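Trainee: The listed protein sequences derive, respectively, from chains A and B. For the first sequence, the numbering used here gives the first residue as -15, with consecutive numbering after it. For the second sequence, the numbering used here gives the first residue as 163, with consecutive numbering after it.
Heads up, a few of these hints could be off.
[Claimed, not checked] Some chain B residues near chain A, calculated using beta-carbon distances under 7 Å:
| no. | residue |
| --- | --- |
| 1 | Gln239 |
| 2 | Arg291 |
| 3 | His292 |
| 4 | Gly328 |
[As the list claims (entries may be wrong)] Among the chain B residues that face chain A by a calculated CB cut under 8 Å, a handful are:
| no. | residue |
| --- | --- |
| 5 | Phe271 |
| 6 | Ala321 |
| 7 | Leu329 |
[What the hints assert, rightly or not] Stretches of chain B that chain A covers, calculated by requiring three or more beta carbons in the stretch to come under 8 Å of a beta carbon on chain A:
| no. | segment |
| --- | --- |
| 8 | 194 to 206 |
| 9 | 278 to 287 |
What the hints contain is simulated information worked out from the structure, not anything from laboratory work. Only a predicted model underlies this, so the values are computations on that prediction, with no experimental measurement involved. For each residue, glycine too, the CB sits at the ideal point set by N, CA and C.
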Amino acid sequence: MSKFLNLSFENKVALVTGAGSGMGLITAQAFAAEGAAVALADSNETAVREAAEKLSASGHKALAVSCDVGDEQQVEALVERTVSAFGRLDAAFNNAGVQSPAIETADASGEEFERVNAINLRGVWNCMKYELIQMRKQGSGAIVNNSSLGGIVGLPGRAIYHATKHGVIGLTKSAALEYAARGIRINAICPGTINTPMVAEMLAKEPEAMKEILRDQTIGRLGEPEEIASAVLWLPTRE
Amino acid sequence: MNFSFQNQVALITGAASGIGLATARAFAEAGAALALVDVNPDALRSAANELASVGRSNIPIICNVADENEVAAMVQQTMSTFGQLDIAFNNAGIHAPVAETADALGEDFDRVIAINLRGVWNCMKYELRHMRKRGSGVIVNCSSQSGLVGTAGLGAYTASKHGVIGLTKSAALEYAAKSIRINAVCPGSTDTPMVANALANEPETMKAVMKEIPLGRLGKSEEIASAVVWLCSPGAAFMTGQAIVPDGGYTAR
Ligand SMILES: NC(=O)c1ccc[n+]([C@@H]2O[C@H](COP(=O)([O-])OP(=O)(O)OC[C@H]3O[C@@H](n4cnc5c(N)ncnc54)[C@H](O)[C@@H]3O)[C@@H](O)[C@H]2O)c1
Ligand SMILES: NC(=O)c1ccc[n+]([C@@H]2O[C@H](COP(=O)([O-])OP(=O)(O)OC[C@H]3O[C@@H](n4cnc5c(N)ncnc54)[C@H](O)[C@@H]3O)[C@@H](O)[C@H]2O)c1
């Protein structure tokens, strides 16, 4: 097989945040299926433990870590546990994130700004910081941050979410330039509207807002998390 | 072209220095009444004194834009003084120490986001409450070329300025139907005290940046002010949700 088409993660270690649900879960499973040892991190401890147990039961190396990515110390411990369990860190998918109910800027609350920012933006920064401390030692590694279509365009009622996702692209570009010469690549992925529990919840709670979003899907359907996982696994491959 | 903002009220944050001060001068010369907002009381007082001889009238308001309560009070004071708010330039912002991501400090990240991103959001929130009541208004948010491209060592600053563009686009879509226009300006490296400080503290980084400006020089504060004033003028009436880029050609490469 051409080295450019080898997507195997045999003997590689992957870390996925928000691995208890949606795109994170499917991507963690995909890394495992390609042979990686996977650290699954989520603030929902039950979900992530069940996911890791399932992977272990079918013969994969999997570690569940309960972690709030908004808390820098918990993130430091997450990377430490991953490295002490599996010896290194080759790929990280910083995916944990939350939506925010649609509301126009003049009516939105500061608490909501802080909640979404802590997880979506500071959370990605926390993860990158400690992953990079490890990858810099190794002189290798690849990071994929989960931004969103919201990192590229605006949407009425979603200013806070879109600010955090634009911010993720900013973090990604600056960090990519910092580490390019040291064998570490950093990219972001910007999913459109994907069929995950996050979107299912929006469909249930905000049917009107969602109707508009669905009308705008040029391709006539939602994306599937497997389609995002496919892009995420492609990005870290090298040989 | 001759811009007149006679009978209009403009609010400018970070008005005591650099780009904010140059923009305040430009609006004052064009006849607007000004709310001059800054966290630095001494610099703010001297800016207000200087502009008193130029414009219609101005009030200095001491306010930390990162503090939502102070911002609410600041907009309130503008309204009770002038009775209206036509234009806002949300410009206050800071730089963070240069550090690669693995070595950067959480507290520096939080400070930059609090002022540059949450600060802009705080200001927009209360400005929009008045503008939406009236069904008119123009907002310009100060992003940066760092809102569009990355720079090694400036992760948090880059994130904050990208975020400002995200806020700008979403809010522009929210209020377009209410005749409120919201745009961002993305200055390249501009000759202000912020850059003078950075030049002094990080000479190597700044030298590298300078080499990459196609026009071969720093921008002038007046050139950024000129873009802001234009965005607020009737000539830009069809412009909303955009990020315009006076950067000496830096991001064109
Ligand atoms: N679904 C979409 O349409 C869509 C589109 C673009 C981007 N995204 C982004 O993709 C990512 C994953 O979204 P999803 O649709 O799979 O969502 P999801 O809600 O199905 O899964 C998100 C997971 O993240 C976890 N999580 C939330 N806060 C956390 C925290 N503080 N620390 C650790 N884990 C936390 C949740 O427990 C959950 O398991 C998010 O960053 C989201 O913003 C989603
Ligand atoms: N100078 C540049 O090269 C450049 C380039 C791109 C973007 N910018 C942006 O332009 C804006 C103005 O920068 P400048 O170069 O004129 O800087 P400056 O340091 O000369 O002026 C900034 C002003 O903002 C005030 N300020 C800082 N924190 C504040 C707070 N929390 N609340 C209220 N006021 C506060 C300062 O007291 C100062 O008067 C900033 O947002 C900056 O990020 C500057």
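Trainee: Evaluate each hint against the coordinates.
Mentor: Here is what the structure says about each hint:
1. Gln239: violated (18 Å)
2. Arg291: holds (5 Å)
3. His292: violated (9 Å)
4. Gly328: holds (3 Å)
5. Phe271: This hint holds: B/Phe271 lies near chain A, its Cβ roughly 6 Å from the closest one there, short of 8 Å.
6. Ala321: holds (4 Å)
7. Leu329: holds (5 Å)
8. 194 to 206: It is violated: at least three residues are needed, and the segment 194 to 206 of chain B offers just 0 whose Cβ sits closer than 8 Å to chain A.
9. 278 to 287: holds (count 6)
The structure fails hints 1, 3, 8 (numbered hints given earlier, in ascending order).
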